[in-house]
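Place chain B on chain A using the hints.
If you read the protein sequences in the order shown, they are chains A and B.
Residue 5 is where the first sequence starts when you use this note's numbering, and the numbers rise one by one after that.
Residue 14 is where the second sequence starts when you use this note's numbering, and the numbers rise one by one after that.
A portion of the hints provided could be inaccurate.
[Claimed, not checked] Some chain A residues near chain B, calculated using beta-carbon distances under 7 Å:
id, residue
1, Ala14
2, Leu43
3, Leu45
4, Trp156
5, Ala490
Keep in mind the hints are simulated off the structure, nothing from the lab.
Predicted model, so just to flag it, every value in this text is computed and none were measured.
Yeah, the Cβ is synthetic: ideal placement off N, Cα and C, and Gly gets one too.
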Amino acid sequence: MYKYDEYDHAMVAARVAEFSDQVKRRLAGEITEDQFKPLRLMNGLYLQLHAYMLRVAVPYGTLDSRQMRMLAHIARKYDRDYGHFTTRQNIQYNWIKLEDAPAILADLASVEMHAIQTSGNCIRNISSDQWAGAAADEITDPRPWAELLRQWSSFHPEFSYLPRKFKIAVIAADEDRAAMRLHDIGIQIVERDGVHGAAFYVGGGMGRTPMIAPLIKEFVPLEDMLSYAEACLRVYNRYGRRDNIYKARIKILIHELGADEYRRQVEEEFAHVKSLGIDPPKAEFDRIAKQFAPPALDASAPDAIDRSDPDFAVWVDQNVAAHKVAGHAIVNISLKPIGGIPGDASSAQIDLMADLAEQYSHDELRVTHAQNIVLPHVRKADLYAIWQALDAAGLATPNLDLISDIIACPGLDYCSLANARSIPVAQKIAARFSDLGRQKELGELKLKISGCINACGHHHAGHIGILGVDRKGTENYQLLLGGSGAEDVSLGTITGPGFDEDGIVDAIERVTDRYLAERAEGERFVDTFRRVGMAPFKEAIYG
Amino acid sequence: MVEHLHSDGEEPCVTLDAFLSQSNATAVRLEPDEDARALIPHLDRLALIEVAFPKFRDGRGYSSARILREAGYTGELRAQGDVLVDQIAYMKRCGFDTFAPEKPLNPADVEAALTRWPEHYQGAADGAVPIWKLRHG
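One chain only, chain A, in its complex shape:
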């Protein structure tokens, strides 16, 4: 894991001091809310329906146990004893007092954490593959690249008042676990002639105009990566639309220019930017990469798992993934208990996960964009002990990637932008499909719910997506089918007229019943949908 040096510490400390000063001036009435808003947003502080919400950055989703315990401490001390893990691999707290924010940031800084650029029209927290460094299919650990980008983008003087927010994801495997092509810039580390470089996909995103990022550059060498990113951003900062907030993301610019013309402008800018000497030497990458060196894992650790406890065996089959080192495994902890709030964890649960990481996972945890937690480096021989501890804490729901492993935004229960509630819908769907045998029969089924058109719940990328809208003053839910945020990326299609809260649950059941009737051997829900198209599902839903 990356450890701060004196420079990193000094930068975060300066930010805490700056924000403390800004809060002081706001509380004293020296600056208006309009002037304060972009400042608090760049420190992750939103004004929600009932209180301030603080979003804490978890760079590329990686944490150690000390940091995880601090997240629990903040939940206990400043919030209502829980936190909410987000689709950007961050955590947010929903009940924060403005006057506490500087103290929280100081607490975070003490464990090398911050809330820098977790909101605002700037470059946001860099996201990555939650299995980085552990997955059998990666060509390298993408996180050193992500850390290089984190430092470059932190307090970037030119790109802090962009037309709109800007999200970057970095992966290094063909299997895309980070929805890479639905980011403003998605980077895939690829290999050419034995050398690693960055494939740049630019202009993806969800929101009200979802788009899949086109490939802009196949191979950007490491020594050019920051210059190339700078060129991509400069073209956007200069020419991205500022007349309409809903057309201000880079995807709209690239859509209007065309990928070829955008690429031409970026290449021209890059030729200039490259001459400025803003790319660090390889020694800096090596310094960072050394800190992500793989943990010392014993490849001769026993491979066998004692499956005599049937409940444990069910969990192993669903929530444990292959590790690149024999005798080891990746544990996925579901934060989606039936009837729970997707992504929420109590401070006691956060502490417990920290303890397990310290004892069994080389002190590492990950947050996933699907709002779950990962213990990346676990001995297979320890799985049973881990499962018992998780089970006792309500954290052993064996539903990874099943229909009840739902991504949901906070919705109208918290969010001032929402048109409809997301959480109760997620709870009702999970309850309807609570029988595990039934869920397993349906297989991989990614269900994603957004409470408004801004798509924080990734509904466009759900095999089944739900979009809550306001229809003449009542909550109405549209149903989308066929989306994916993975390497088979696609955008869902709306089935037709929407439903009320109970109606949407019934409609999903009709859709899944039709899938079971239509599917061919080995097909996932989304495969069947792609083969047979919308018509049979429409017929099942609307008659």
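Same frame as chain A, now just chain B:
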């Protein structure tokens, strides 16, 4: 040294269009949607470029400033308009050396803002040595 108010009695800035069509002006004002690169052939006769910030949220002027400095402009580069104390440190890094805010700034706040950051992660137009270079000498 950074000045926060411009001096009286200077030549008024002309618009970019006017500047490009007359050969004797030495001060020009650049609006957010105007291309800073149009000035590059004329930098040696310019003493002042004023970059307009009609709204603080409109960040195009940051790129304009860097482009001008990267092209070798050494004259006065002024940020004018909705320029707030919380923006000026970034503006300075992008190459601005004077500020003409519509609403006067508290000098103590300006001083604090400009001295807050011990170092910088990335290279920009202010000549600061980025942290990666400090790390590797």
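Hints the structure fails to honour:
Numbers 3 and 5, in rising order.
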